[in-house]
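Which chain is which? The protein sequence lines are A and B, in order.
Residue numbers for the first sequence follow my numbering, beginning at 1 and rising by one.
Residue numbers for the second sequence follow my numbering, beginning at 1 and rising by one.
Don't read these hints as lab results, they were simulated from the structure.
Please note that the accuracy of each hint is not assured.
Once the Cα atoms are required to be at most 20 Å apart in a straight line, the calculated EDC-like pairs of lysine to aspartate or glutamate come out as [said to hold, decoys possible]:
no.: 1; chain 1: A; residue 1: Lys98; chain 2: A; residue 2: Glu67
no.: 2; chain 1: A; residue 1: Lys47; chain 2: B; residue 2: Glu128
no.: 3; chain 1: A; residue 1: Lys14; chain 2: A; residue 2: Glu67
no.: 4; chain 1: A; residue 1: Lys47; chain 2: A; residue 2: Asp29
no.: 5; chain 1: A; residue 1: Lys98; chain 2: B; residue 2: Asp115
no.: 6; chain 1: A; residue 1: Lys14; chain 2: B; residue 2: Asp206
no.: 7; chain 1: A; residue 1: Lys14; chain 2: A; residue 2: Glu69
no.: 8; chain 1: A; residue 1: Lys14; chain 2: B; residue 2: Asp231
no.: 9; chain 1: A; residue 1: Lys14; chain 2: A; residue 2: Glu53
no.: 10; chain 1: A; residue 1: Lys47; chain 2: A; residue 2: Asp31
no.: 11; chain 1: A; residue 1: Lys14; chain 2: A; residue 2: Asp29
no.: 12; chain 1: A; residue 1: Lys47; chain 2: A; residue 2: Asp95
Some chain B residues near chain A, calculated using beta-carbon distances under 7 Å [unchecked claim]:
no.: 13; residue: Pro118
no.: 14; residue: Leu122
no.: 15; residue: Leu124
no.: 16; residue: Ala145
no.: 17; residue: Gly212
no.: 18; residue: Arg215
no.: 19; residue: Ala223
no.: 20; residue: Ala230
no.: 21; residue: Asp231
no.: 22; residue: His232
no.: 23; residue: Gly264
no.: 24; residue: Ile265
no.: 25; residue: Leu270
Using C-beta positions, here's what the derived DEER-type ranges look like [said to hold, decoys possible]:
no.: 26; chain 1: B; residue 1: Arg98; chain 2: A; residue 2: Gly48; range: 33 to 41 Å
no.: 27; chain 1: A; residue 1: Gly111; chain 2: B; residue 2: Trp173; range: 51 to 59 Å
no.: 28; chain 1: B; residue 1: Ile265; chain 2: A; residue 2: Trp13; range: 34 to 42 Å
no.: 29; chain 1: B; residue 1: Gly136; chain 2: A; residue 2: Leu4; range: 36 to 44 Å
no.: 30; chain 1: B; residue 1: Arg112; chain 2: A; residue 2: Arg46; range: 18 to 26 Å
no.: 31; chain 1: B; residue 1: Thr86; chain 2: A; residue 2: Thr66; range: 51 to 59 Å
no.: 32; chain 1: A; residue 1: Thr10; chain 2: B; residue 2: Ala83; range: 23 to 31 Å
no.: 33; chain 1: A; residue 1: Ser6; chain 2: B; residue 2: Ala83; range: 29 to 37 Å
Given the structure is predicted, the values throughout are model-derived calculations rather than measurements.
All C-beta atoms in this analysis are idealised placements derived from N, C-alpha and C, irrespective of residue type, glycine included.
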Amino acid sequence: MGGLESEVLTEIWKAPEGLTPRDVLGRLDTDLAYTTVMTIMNRLWRKGLLDRERAGRAFRYRPLTTESELVAARMADALSAANDREATLSRFVGDLSKTDEAVLRRLLADGL
Amino acid sequence: MTPAFALPLVVAATAAALAGLLRSRLHPAVAARCLALAAVAVASGWIWVLMALSLGALGEFHPVHRWFAWCPELHLGAPASAAVGTGAAVMLAWSGQRSTRMWRRQRRQHRRRPDCGPDGVLILPAAEPTAFAVPGRRGGVVVSAGMIEALTPREQEVLWAHERAHLHHHHHWYLHMADAATAAAPGIGRLCSHVRIATERWADEDAATAVGGDRHLVARAIAHAALAGADHRNVELALADEGVTGRVAALVGHNHRGFDPAIGIAVATLVGAVTVGGSTLQLHHLITLVGRICS
């Protein structure tokens with residue numbers, strides 16, 4: 001997630017009643033184009049982080065995830081991307097090789 | 001400079017290798033503690049060797065020769081050559097840089113911890129099966145909806161017990177110790193992955209106790225969770241975690257010989273003695289050296 005997406009999300013979290021791209025643009029201290037903000041919010045909606053409803057010609061966006069959830073989701077991404085040896089927090093299970101996958105499937109089929 | 005100055009490193013490395021070899025015979029709680037301590041002992045032995053070599057070579061260098069002239073520790077036997085000393089100084093700087101980078105990464109990770117709320121549980125709406133423990137005051141267990149769906153209710157109990165064991169026993173400290181040691185002494189990555197596996201095994205054993213000793217249930221939960229992750233990604237991964245099948249085998253394998261308390265006591269005593277002995281010796285050398293430089 002880029003810095004802009006985070007900034008937009010933070011604004012929307014502050015306003016549970018929902019914001020249109022125009023509202024967000026007004027609250028951000030930037031010279032971004034309206035269409036850029038609209039694109040970002042559309043992307044966040046497609047990622048399942050925002051809910052939206054029609055408000056006139058635009059959409060009004062509401063937060064779907066809490067900030068904690070987002071931080072945790074980012075952490076999960078980082079954990080699956082990072083070399084497991086480097087990540088300080090460990091996952092319940094790591095990634096499997098094809099061989100290990102076959103071994104586990106056989107064990108379960110044999111009534112593990 | 002006598003070769004004896006490298007003794008703490010050699011002894012610590014031997015003890016660490018022994019502990020690594022015997023890991024499967026040790027209770028994971030003993031293994032994790034011994035291996036983390038051994039990793040720190042090896043790293044401090046390594047740093048000491050680099051310091052002694054670079055300071056020793058500096059003592060041979062003419063313009064500063066007289067500063068070190070009163071220090072017999074640095075002039076015993078064959079002197080360290082300028083090339084060896086420079087090499088050691090470069091390695092020392094590299095270790096310092098790696099440690100700083102690791103420390104920064106950990107701080108960054110620490111700042112970005114999610115707040116798991118008063119229940120200590122955070123359920124992510126994500127479909128990708130994932131679960132991990134977040135240490136700290138506002139920490140807890142983070143589990144995705146996908147992971148919950150992949151497990152039966154009994155298997156979910158295993159998952160909670162496993163993650164809570166990580167938090168309860170402060171496993172992140174062992175991992176921090178291992179990470180710090182790897183940063184200071186490159187080349188002990190294998191020892192540190194032993195520490196990681198030992199903490200996972202420890203949490204598995206705790207989970208088995210929590211579900212009434214049903215080791216097969218724990219093994220099934222691990223297998224189902226791992227396979228759900230593989231199904232979701234559906235791509236061949238270059239970097240696979242060799243730990244999963246090992247954990248399942250340790251729980252239900254036929255060749256699992258059980259933990260031997262005698263080996264546990266022996267290894268713990270050895271690693272403890274090596275760590276205390278090595279660090280006392282290094283501290284003694286260091287104090288003598290600093291004392292002479294400053295006098």
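Checked hints:
1. A threshold of 20 Å between alpha carbons decides the hint, and for A:Lys98 with A:Glu67 the separation of about 36 Å lies outside it, so the pair is violated.
2. Distance hint between A:Lys47 and B:Glu128 is fulfilled; the C-alpha atoms sit about 13 Å from each other, no more than 20 Å.
3. For a cut-off of 20 Å, the pair hint linking A:Lys14 to A:Glu67 stands: about 10 Å separates their Cα positions.
4. Proposed proximity of A:Lys47 and A:Asp29 is contradicted: the alpha carbons are some 25 Å apart, above 20 Å.
5. Between the alpha carbons of A:Lys98 and B:Asp115 the distance comes to roughly 35 Å, so the proposed pair goes past 20 Å and is violated.
6. Distance restraint check for A:Lys14 and B:Asp206: the Cα-Cα separation of roughly 41 Å exceeds the 20 Å cut-off, and the hinted pair is therefore not satisfied.
7. Taking the CA atoms of A:Lys14 and A:Glu69, the gap is near 15 Å; set against the 20 Å cutoff, the hint holds.
8. Our distance criterion of 20 Å between C-alpha atoms is broken by A:Lys14 and B:Asp231, whose separation comes to about 37 Å.
9. With a C-alpha separation of about 18 Å, the suggested pairing of A:Lys14 with A:Glu53 holds against the 20 Å cut-off.
10. For the hint pairing A:Lys47 with A:Asp31, the CA-to-CA distance comes to about 25 Å; that exceeds 20 Å, so the pair is violated.
11. Restraint check: the Cα-Cα separation between A:Lys14 and A:Asp29 comes to about 15 Å, which is no more than 20 Å; the hinted pair holds.
12. Under the criterion of a C-alpha separation no larger than 20 Å, the hint pairing A:Lys47 with A:Asp95 is inconsistent with the structure, at around 23 Å.
13. With 7 Å as the threshold, the beta carbon of B:Pro118 stays out of range of chain A, its nearest partner Cβ sitting at about 12 Å, so the hint is violated.
14. At a threshold of 7 Å, the smallest CB-CB gap from B:Leu122 to chain A is about 5 Å, leaving the interface hint in force.
15. Hint status for B:Leu124 relative to chain A: holds, with the closest Cβ pair at about 6 Å, below 7 Å.
16. A cut of 7 Å between beta carbons decides the hint on B:Ala145: the least distance to chain A is about 11 Å, and the hint is violated.
17. Interface restraint check: B:Gly212 against chain A, minimum CB-CB distance 17 Å, threshold 7 Å, status violated.
18. Because the beta carbon of B:Arg215 sits about 10 Å from the nearest beta carbon in chain A, more than 7 Å, this interface hint is broken.
19. Given the 7 Å rule on beta carbons, the hint for B:Ala223 holds: about 5 Å separates it from the nearest Cβ of chain A.
20. Checking B:Ala230 against chain A: minimum C-beta separation of about 5 Å stays under 7 Å; hint holds.
21. Of the supplied interface hints, the one on B:Asp231 is violated, with its beta-carbon coming no nearer than about 9 Å to a beta-carbon of chain A, more than 7 Å.
22. Below 7 Å, beta-carbon pairs count as interface contacts, and B:His232 has none with chain A, the closest being about 10 Å; its hint is therefore violated.
23. Because the smallest distance between the Cβ of B:Gly264 and any Cβ of chain A comes to about 23 Å, over 7 Å, the interface hint for this residue is violated.
24. Nearest Cβ of chain A to the Cβ of B:Ile265: about 27 Å, over the 7 Å cut. The hint is violated.
25. The closest approach between the C-beta of B:Leu270 and any C-beta of chain A is roughly 25 Å, which is over the 7 Å cut-off, so the hint fails.
26. Taking 33 to 41 Å as the suggested C-beta distance range, the pair B:Arg98 and A:Gly48 conforms, at roughly 38 Å.
27. Range check, A:Gly111 to B:Trp173: about 38 Å between beta-carbon atoms, so the 51 to 59 Å window is missed.
28. For the pair B:Ile265 and A:Trp13, the beta carbons lie near 54 Å from each other, so the given range of 34 to 42 Å is not met.
29. Checked against the hint of 36 to 44 Å, the pair B:Gly136 and A:Leu4 fails, with Cβ atoms roughly 29 Å apart.
30. For the pair B:Arg112 and A:Arg46, the supplied restraint of 18 to 26 Å holds, since their beta-carbon distance comes to about 24 Å.
31. A hinted range of 51 to 59 Å holds for the C-beta pair B:Thr86 and A:Thr66, which are about 54 Å apart.
32. The hint said 23 to 31 Å for the Cβ distance between A:Thr10 and B:Ala83, and at roughly 55 Å that hint is violated.
33. Taking the beta carbon of each, A:Ser6 and B:Ala83 are about 50 Å apart, not inside 29 to 37 Å as hinted.
Checked against the numbered hints given earlier, the structure breaks hints 1, 4, 5, 6, 8, 10, 12, 13, 16, 17, 18, 21, 22, 23, 24, 25, 27, 28, 29, 32, 33 and satisfies all the rest.
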